[in-house]
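Visitor: Residue strings, one per chain:
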Amino acid sequence: MKIELRDAPFDPLVELGRYQNTLTGLHGQYGATAIFIGTMRDFNDGATVQEMTLEHYPGMTERHLQRIVEAAAREWPLLDALVIHRVGALQPNDPIVLVAVWSAQRAAAFAACRLIMEELKAKAPFWKREETAAGPRWVAHNTPS
Amino acid sequence: MKIELRDAPFDPLVELGRYQNTLTGLHGQYGATAIFIGTMRDFNDGATVQEMTLEHYPGMTERHLQRIVEAAAREWPLLDALVIHRVGALQPNDPIVLVAVWSAQRAAAFAACRLIMEELKAKAPFWKREETAAGPRWVAHNTPS
Amino acid sequence: MSIDIKYFASLRDRLGRAEDRLDAATELTVAEVWAALWLDRPLPPNTLTAVNMEYAELTQRVRDGDEVAFFPPVTGG
Amino acid sequence: MSIDIKYFASLRDRLGRAEDRLDAATELTVAEVWAALWLDRPLPPNTLTAVNMEYAELTQRVRDGDEVAFFPPVTGG
Chain V
306 MKIELRDAPF
316 DPLVELGRYQ
326 NTLTGLHGQY
336 GATAIFIGTM
346 RDFNDGATVQ
356 EMTLEHYPGM
366 TERHLQRIVE
376 AAAREWPLLD
386 ALVIHRVGAL
396 QPNDPIVLVA
406 VWSAQRAAAF
416 AACRLIMEEL
426 KAKAPFWKRE
436 ETAAGPRWVA
446 HNTPS
Chain C
306 MKIELRDAPF
316 DPLVELGRYQ
326 NTLTGLHGQY
336 GATAIFIGTM
346 RDFNDGATVQ
356 EMTLEHYPGM
366 TERHLQRIVE
376 AAAREWPLLD
386 ALVIHRVGAL
396 QPNDPIVLVA
406 VWSAQRAAAF
416 AACRLIMEEL
426 KAKAPFWKRE
436 ETAAGPRWVA
446 HNTPS
Chain H
22 MSIDIKYFAS
32 LRDRLGRAED
42 RLDAATELTV
52 AEVWAALWLD
62 RPLPPNTLTA
72 VNMEYAELTQ
82 RVRDGDEVAF
92 FPPVTGG
Chain B
22 MSIDIKYFAS
32 LRDRLGRAED
42 RLDAATELTV
52 AEVWAALWLD
62 RPLPPNTLTA
72 VNMEYAELTQ
82 RVRDGDEVAF
92 FPPVTGG
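Residue numbers (the working numbering), protein chains in the order written: chain V, 306 to 450; chain C, 306 to 450; chain H, 22 to 98; chain B, 22 to 98.
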């Protein structure tokens, strides 16, 4: 299980491959890997977004990400999980977040991946500031899903 | 949108990266990529599985995979989708299936990825034969999820 | 009227062949295609049927040149 | 009693600072910490509060050395 904040661009597929390569002890055990990648769009809420800054609360953010993943692992039989989240300045098409979970069964993998993303959006202390043609603005709230 | 059958091992992350590299026209549009990878386990239904053979119905399988992805794209606002499914002889830890969908929104991406997997499991004509210590056996049915 | 028949997976193994061809004088349903080939051997429970690569009911009518398939529940993914 | 206070994101921008320190003679709740610092300026609606990096209610008591944070709804992911 790994939770990481990154202050520079990362390639989710490279990270995923690298992490999965360390899971040799689980070979043959996981039948299902569910993955979500959040990527920066160049539009939001009716405006073109040129750049975005992701602020966080050092210490609290990591603690809550950890707790969210642990809660998912209590609810579903997970074999492993990986969460990477960007902070700092992002450009459109930059990955924001990667969530991956490994399980024997697809139902657990899908549900846990979804739960981690929803909890992360609802509770992990991150804040987005967008640069638009009309100047900077803070994103007021996440859309519930 | 791409649907493919493969008769040799494939690396889902490499395929995913390669396909996403062709989606430059969608840069900045997709905020959510939901991915599922099904991998061969070395156990099933109480027995150790040494090898597996995936049979399909050439023509019908491709047609139904195509239809399943199109149905998901009618139900949810998808920007693109990729489905790769193995046929032939597999070893434990070999990828069986990759489903990836790109959307502006995470709810659509998660739901479409899930829907495609469930429909694929329920309707796409594939059949698994497992090699166990007690000899070969056909998997009788997929677990509903 | 000539009909191509295909069997897959465990059903093919049980029947001992993958294909059949049926020449029929009259129009048949999917169920009648099975009966014409296998006489009093009943269609195994849960067997799925397709006509021209589309899932079909046992009551569906089969036409000249159609491909009829019989197979067990699918187990992909 | 000394309390560290942190502000984040739009709230920090609006207040014009990221941190405060409060020396209090008596035990305070989170709401009283805000009131002690900002007098009659009400806590903006929807503001979230944390004590020592755990989400906290406005009625939670703050102890010597605690870190209290005020911030807007989170928007990560």
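Simulated from the structure, these hints should not be mistaken for lab results. A couple of the hints might just be wrong.
[Said to hold, decoys possible] In silico DSS-like links for lysine-lysine, alpha-carbon gap of 30 Å or less:
1) K307/C x K27/H
2) K27/B x K428/V
3) K428/C x K27/H
4) K307/V x K428/V
5) K307/C x K428/C
6) K27/B x K307/V
Visitor: Does each hint fit the structure? Answer for all of them.
Guide: For each hint, the structure was consulted:
no.	hint	in the structure
1	K307/C x K27/H	28 Å, holds
2	K27/B x K428/V	18 Å, holds
3	K428/C x K27/H	18 Å, holds
4	K307/V x K428/V	18 Å, holds
5	K307/C x K428/C	18 Å, holds
6	K27/B x K307/V	27 Å, holds
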